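Participant: Please model the entire structure based on the sequences and the hints provided.
Using the working numbering, the first residue of the sequence shown is number 1, and each one after it goes up by one.
Keep in mind that the hints were calculated from the coordinates and are not lab data.
Please read these numbers as outputs of a predicted model, since none were measured by experiment.
From the three backbone atoms N, C-alpha and C, an ideal C-beta is built for every residue, glycine too.
Careful, some of the hints might be misleading.
As the list claims (entries may be wrong) - For each label pair, taking beta carbons as the anchor points, the in silico distance ranges come out as: (1) GLU114 - LYS148: 23 to 33 Å; (2) PHE178 - ARG154: 15 to 25 Å; (3) GLU254 - LYS170: 35 to 45 Å; (4) ASN256 - PRO191: 38 to 48 Å; (5) LEU128 - MET98: 41 to 51 Å; (6) GLY31 - ASN69: 26 to 36 Å; (7) GLU138 - GLU254: 49 to 59 Å; (8) ASP14 - SER54: 42 to 52 Å; (9) GLU140 - GLU254: 32 to 42 Å.
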Amino acid sequence: MKKIFNAIGKKTRDAKFQQRAVKKMEDIEKGEKIPAPRYPTEDKRYQEAQADDSIREELQKKHTTLIDNMNKINVKSTDPVERWTSAKDLPTRESEWMHRNDPVWEYGFYEPEEERIPKNKLMFREALEVLRARQEAEEESNAPNSAKLREEARAVYENHKAVARVDKEKLDDMWEYFRPFVRKDYQKVVPKFELEQLQAALQGMSDETKMVDSTKDGIRKIFQRNKDALEHYDRVDEESKKIVEEVKKGKAAEANEEK
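Facilitator: Here it is, written out as structure tokens:
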């Protein structure tokens, strides 16, 4: 029974709520103003202001100065100024296809004019051309026309605009640290005694002194490109030898004292 009465009461309450809502909407359409609900503190301040006669008189007073100032205000509304947008193509798939045969767009961006490039600066294209020309000029090959190709590459390198714009020291540094890989299609021949020495080392029968000396020779060959590094390595090697000699002398002296 309780569920039945609750269901009936709910329908009755919903019907009354709908009637009140319809009546309220009709009043609003007729011009009734519905103020927004106030917080308790705000409502308290509002009631105090309504009870104050001085505030009521100030609100009802007509201020001609304020009205004149409002009449002087002139508002003009215009469309916003169009922003300047760059017409330069951005690197997209469509632009890549559109500029596929354009040499100035080969790397996905426009290259500046050569007159605008400052001193000791070069473009990515120029760096590749300089490195390629120098590699071909210094490449050792037994081909019949290798000498002619080296001369042509040397002429391209010497007459390149980037070589005249960039200092020689910077070009050498670029060649040392960013040179292209060199492909070698021939097999390096190893001397027989080095192969025997390596086999003996793998079997644990090698002479450690010879192995150390061969390692030092290999390190010296690596440092031959840089004279300062080679001199520093030789100086460190001499200091190490002196330390070893002093240790040997000390051990020999201790052995003689014990005898």
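Participant: All the hints need checking, so say for each whether the structure fits it.
Facilitator: Here is how each hint holds up against the structure:
{"no.": "1", "hint": "GLU114 - LYS148: 23 to 33 Å", "in the structure": "holds, 29 Å"}
{"no.": "2", "hint": "PHE178 - ARG154: 15 to 25 Å", "in the structure": "holds, 19 Å"}
{"no.": "3", "hint": "GLU254 - LYS170: 35 to 45 Å", "in the structure": "violated, 56 Å"}
{"no.": "4", "hint": "ASN256 - PRO191: 38 to 48 Å", "in the structure": "holds, 43 Å"}
{"no.": "5", "hint": "LEU128 - MET98: 41 to 51 Å", "in the structure": "violated, 23 Å"}
{"no.": "6", "hint": "GLY31 - ASN69: 26 to 36 Å", "in the structure": "holds, 30 Å"}
{"no.": "7", "hint": "GLU138 - GLU254: 49 to 59 Å", "in the structure": "holds, 56 Å"}
{"no.": "8", "hint": "ASP14 - SER54: 42 to 52 Å", "in the structure": "holds, 49 Å"}
{"no.": "9", "hint": "GLU140 - GLU254: 32 to 42 Å", "in the structure": "violated, 55 Å"}
Going through the hint list in order, the structure does not satisfy hints 3, 5 and 9.
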